[in-house]
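All chains, full assembly: derive it from the sequences and hints.
In this note's numbering, the protein residues as written are 1 to 86.
Hints may contain errors.
Unchecked claim - Restraint-style ranges between C-beta atoms, simulated for each label pair: (1) 75 to 40: 46 to 54 angstroms; (2) 41 to 66: 35 to 43 angstroms; (3) 36 to 73: 47 to 55 angstroms; (4) 69 to 31: 34 to 42 angstroms; (5) 46 to 77: 41 to 49 angstroms; (6) 73 to 28: 34 to 42 angstroms; (7) 65 to 22: 26 to 34 angstroms; (8) 46 to 17: 40 to 48 angstroms; (9) 64 to 43: 15 to 23 angstroms.
I should point out that these hints are in silico values taken from the structure, not numbers from a laboratory. Note that the Cβ used here is the ideal one computed from N, Cα and C, for glycine as well.
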Amino acid sequence: MMEYHNNGGKVKGFMIGSLLGGLIGSGITLLFAPREGKKMRRELSKKYHKLSDQAHDFYENMSDKCKHFMHIVDKKSGKPGRKKGR
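Printed below as a string of structure tokens:
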């Protein structure tokens with residue numbers, strides 16, 4: 001008999017770590033790029049907001065895909081659906 005393991009926490013942790021790593025790497029790159037102070041800060045702010053929006057969209061998309069996948073797994077395993085909030 002197959003056991004059901006919830007790996008959602010590992011996936012979520014990986015996604016958050018990847019996004020944070022990308023944001024930190026981008027920020028460091030911009031800080032070391034040769035630019036005037038005011039111009040660099042303005043560009044850094046724009047890129048931060050763009051990356052933040054992309055990270056949010058990526059998280060929402062992956063969250064939806066994981067929920068859909070878990071629904072399929074629950075359905076095929078014959079186990080009742082999960083409670084919301086888990």
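Here is what the structure says about each hint:
1. 75 to 40: 46 to 54 angstroms: Holds, at about 52 angstroms.
2. 41 to 66: 35 to 43 angstroms: For residue 41 and residue 66 the Cβ distance comes to about 36 angstroms; the hint holds.
3. 36 to 73: 47 to 55 angstroms: Given range 47 to 55 angstroms: holds, Cβ gap about 53 angstroms.
4. 69 to 31: 34 to 42 angstroms: holds, 38 angstroms
5. 46 to 77: 41 to 49 angstroms: About 46 angstroms separates the Cβ atoms of residue 46 and residue 77, which means 41 to 49 angstroms holds.
6. 73 to 28: 34 to 42 angstroms: Holds, at about 39 angstroms.
7. 65 to 22: 26 to 34 angstroms: violated, 19 angstroms
8. 46 to 17: 40 to 48 angstroms: At 24 angstroms between Cβs, range violated.
9. 64 to 43: 15 to 23 angstroms: Check failed, 32 angstroms falls outside 15 to 23 angstroms.
Against the hints set out earlier in the document, violations occur for numbers 7, 8 and 9.
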